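Participant: Chain residues, written in single-letter form:
Number of protein chains: 2
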Amino acid sequence: MSAGTLRVGLAGLGTVGCGVVRILAERAPLIAARAGRPIEVVAVSARSRSRPRPVDIGVYDWVDDPVALAAHPSVDVLVEAVGGSDGPAKAAACRAIELGRHVVTANKALLAHHGATLAGAAEAAAVALRFEAAVAGGVPIVKALGEGLAANRLTRVYGVLNGTCNYILTDMAKTGRDYSAVLAEAQAKGYAEADPSFDVGGVDAAHKLTLLASLAFGCAVDFDGVSVEGIEQVSLADIRCAEELGYRIKLLGVARRDGAAVERAVRPCLVRADSAIGQLDGVTNAVVCEGDFVGQIVCEGPGAGEGPTASAIVADLVDIARGARAPAFGVPAATLTPAEPAHRPAPFYLRFRLADRPGALAEVARDLGEEGVSIRSMRQHDEADGAADVLIVTHACDRAALDRALARVADSPVSRAAPVALRIEEV
Amino acid sequence: MSAGTLRVGLAGLGTVGCGVVRILAERAPLIAARAGRPIEVVAVSARSRSRPRPVDIGVYDWVDDPVALAAHPSVDVLVEAVGGSDGPAKAAACRAIELGRHVVTANKALLAHHGATLAGAAEAAAVALRFEAAVAGGVPIVKALGEGLAANRLTRVYGVLNGTCNYILTDMAKTGRDYSAVLAEAQAKGYAEADPSFDVGGVDAAHKLTLLASLAFGCAVDFDGVSVEGIEQVSLADIRCAEELGYRIKLLGVARRDGAAVERAVRPCLVRADSAIGQLDGVTNAVVCEGDFVGQIVCEGPGAGEGPTASAIVADLVDIARGARAPAFGVPAATLTPAEPAHRPAPFYLRFRLADRPGALAEVARDLGEEGVSIRSMRQHDEADGAADVLIVTHACDRAALDRALARVADSPVSRAAPVALRIEEV
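For the record, the sequence lines run as chains A and B. Using the numbering used here, read the first sequence as starting at 1 and increasing by one per residue. Using the numbering used here, read the second sequence as starting at 1 and increasing by one per residue.
Stretch by stretch, here's where chain A covers chain B in the computed footprint (C-beta under 8 Å, at least three residues):
1) 24-35
2) 295-304
3) 329-339
When the alpha-carbon atoms are kept at most 25 Å apart in a straight line, the in silico SDA-like pairs for lysine to any residue are as follows:
4) B:K189 / B:G176
5) B:K174 / A:Q279
6) A:K174 / B:E243
For the record, the hints were derived by calculation from the structure and aren't laboratory data. The model shown is predicted, which means the values in this text are computed figures rather than measured ones. C-beta: ideal position from N, C-alpha, C; glycine also.
Model the full structure from these sequences, guided by the hints.
Facilitator: In structure tokens form, the structure reads like this:
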């Protein structure tokens, strides 16, 4: 291990970038003691040089372009905090690796789309590519999966991976307000972006799940292999009905090994209200790892924000300073193997709005039964205007069969609204 | 990094040792892919060669003595699973380091007493000393503190560190049976040792807390600096009264920075029933880390057992195979600094058994008041035989002042039993 200073080129000076500057400055002696050598920012790059910032960047070399920053002669490691799955972020990371510099990034979109290519290039160049900050903010879950649980054949990794969605769902449940009201408030408070579609649509969580799946199962880094559904359609009525049945609704990312196939999905699910995931409120993230030897490990913490994200980036820098050079996804990039998507049967929560008349329930029961969907419990929930909500919990069933049954019900004369179906995830 | 096989000498073939043999054999290709090279047991040692075991040890070199095993010519790394804070475990670890071999151990007693010496020797010899399995079994909390949160100035680390105690306390609360009945059943089920004193007396948790405190705060590895109290005196009555007030009783290990001093204590505490720690049931362990940048991180999982412990040991071996050489406690052993114990004021739960007569409450209130202990709430709980339980929650107060007040009450004519005082820990 070199005893000299590890020199950082920092591309991107938004919240996260400034957080990195702040930690490295404020905690310099502590970090040098832990890393065995000083870690210092030497050069920076951002879209605007003059924008007001909470840290003084005048002491660092300024470079206009992140790709040029990657090639700055004094830079040992590029911290990429630019964002975006392509464009300058990708170009800068590629250039840094090409020149034999390490790369640390919080950019889940970049990695979900180009992770395998970048990891392979980093191995070929014998440099580190690290991304602890890309998943669950300050929670060291990338390290836990890639190193701490390395002895295990993992069976399932799942969790609440998007704080914005969890905040919205928690707040709907607590205040009884509907989705759009809560989203508007989350935007006002800064918990949701002006354009929230990446968060509420599940894409951000799917980027993270892509990385977790590759770390856990050694499968190819394949964003397109993730089935994605957001929380836009989750209604207050379903949150209330789920509560009545002992469940909470969470946007879950789930990756599960099924032989050679790997199920990868982000979607709103029902989870037991008394489980660790069920109890997770607000913007907190949680990841659960299940392995054959270790059993079940749960890690929770703040999933975003300047402090947690910068904390994770600097932890990666400390590891690099100490000489850590493990492959980015825990195994050589060339061995990451494409995995078929798996479609596992599961129990479902169903809500039907039916005409309040004799034979309506029988119609639903027959439609489900004829498609092989078996009912575990059924209850009538709410009655008004000649219609009633009927809640059904099924035994484990195939989603395709369920969809056929739901289509039958929707087409029947007793149906008063589109049926709702949400998966129940055992946690 | 060498590409050759990492050759393991395994001292101790009890549950944990056999678990290591099993993982390395059953997961060989996976581990080799993750470690970048094969990891193989080459030689073993144990008290009895012929004792029946779930794994075949005939394929490994047999060495009678762990110290001789440490010096076996083919051994790159010693896995010490012998146990005990001194004797053969210590001798074997020292010998291995002296000869330039890495050491991996699950032995919290050894490290709590000799961790700094061993860490210093390992640094001088440029070998790794690793102990992920020593704290919270399969939960990668040593890695989280030493690496994942390395950018943070940590403020507090606490948790449920002993599964046996948590099982007993959880079971008392659930079944309404008293301590001795539940302990006897835990022994029958194998959750508690025949001699349970290390567990129920808090010593095992204190060993672990000693290591966590040094990892978190860089303080000297100082078992004697930990204040230790076990669960033997926790009564069903207090568990029930705590529940009534919205708390659960847990054996907590707490390490908290207070300027240059570090509070280190293991003791039964009241924690909010709705907190992550409050909800932790059975033999599960949990550790909470609080840092200035990262906020609060919670890690939970099985704290003991063959699979989780062996999983942690093998994770350490994978790190060593990959070339990881960070100092054992995250900073150079020579910089670990003795820290004064801190005595932080805290709110307390008090239970008094008082004569059921006018003036009894006034006597208690006066005794507390005169020692500067202020009352947040007070309620009468139970009344029988002319005596009544009075529950008091105090504002934060000094333990010494509280003890003086309790002595006054105990000496007064209204007292019918020794007062109970349990700290309330904010979690």
